[in-house]
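A.B. asks: From just these sequences and the hints, can you work out the full model?
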Amino acid sequence: MKNYNLLDILYKHRFNEKEIIQKNKIWKILCRYFLNKYITKNDIVLDAGTGFGEFINNICCKEKYAVDANEENAKFLAPGIKFFKSRHNNFSFLVNDSMDVIFMSNFSEHLLTKDDLLHMILEARRVLRPGGRLIILGPNIRYAYKEYWDFFDHHIPLSHRAIAEVLEALNFKITKLIPRFLPYTTKSNLPKSSFFVWFYLKFPFLWLLAGKQMFIVAVKQGN
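Numbering follows our numbering, in which position 204 of the sequence shown is assigned residue number 204; successive positions increment by one, without gaps.
Everything labelled a hint here was simulated from the structure, so no lab data went into it. Be a bit skeptical, because a hint or two may be false.
What the hints assert, rightly or not - Calculated cross-link-like contacts (lysine to aspartate or glutamate; reagent style EDC-like; alpha-carbon spacing at most 16 angstroms): (1) Lys173 - Asp100; (2) Lys37 - Asp100; (3) Lys41 - Glu71.
C.D. replies: So, in structure tokens, the structure goes:
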């Protein structure tokens with residue numbers, strides 16, 4: 001029997017070339033006008049589950065690392081980004097206290113079990129320096145419960161409160177928590193022009209109307 005890469009098959013079906021280009025434009029605005037508040041030019045950043053590289057290609061920082069289970073995604077990355085093929089909850093290629101920021105976008109829901117998520121957070125804690133930031137963006141089951149199971153590779157439903165609870169239990173300090181931030185998916189019917197994305201980010205009251213993804217920043221405390 002042929003050995004299929006499920007993620008590769010799903011993402012090739014889910015996003016065509018035009019949609020990948022559009023997603024990159026959205027992330028360019030998102031990085032410039034929002035995420036740069038939480039990531040500095042001197043940071044060393046790991047993108048866990050990099051996908052098509054929309055975040056790590058567009059964020060401004062000192063050093064860039066990307067990890068993904070699908071090695072074909074390395075071709076989407078800009079020159080200079082260090083890529084590692086690995087399960088997203090395995091950062092064994094990194095030494096302790098080596099990262100300033102670990103970023104995860106639409107990641108946790110793809111893990112098979114909550115034990116996998118717990119292991120990922122422990123790995124993130126290991127490689128983050130004291131005071132380093134774990135930044136999580138992903139669907140919030142409280143507000144996306146109707147659409148959540150429309151994607152075949154979604155496994156564990158999580159709310160902002162559940163994520164915050166486990167982070168605090170593992171000695172992270174929550175410094176920013178937005179229960180409703182971005183729309184659930186870029187495949188929604190909302191406008192996707194650069195101006196609209198900028199406008200959406202500028203007026204948080206819109207997040208309460210369309211936001212179905214949570215945004216969390218957690219700081220590693222102690223060693």
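A.B. asks: None of the hints should be skipped; say for each whether it holds.
C.D. replies: Outcome of the hint check:
1. Lys173 - Asp100: 15 angstroms, holds
2. Lys37 - Asp100: Distance ~14 angstroms between lysine 37 and aspartate 100 Cα, so the pair holds.
3. Lys41 - Glu71: Measuring from Cα to Cα gives roughly 27 angstroms; hence the hint is violated.
Hint check: a violation occurs at hint 3 only; the rest are consistent with the structure.
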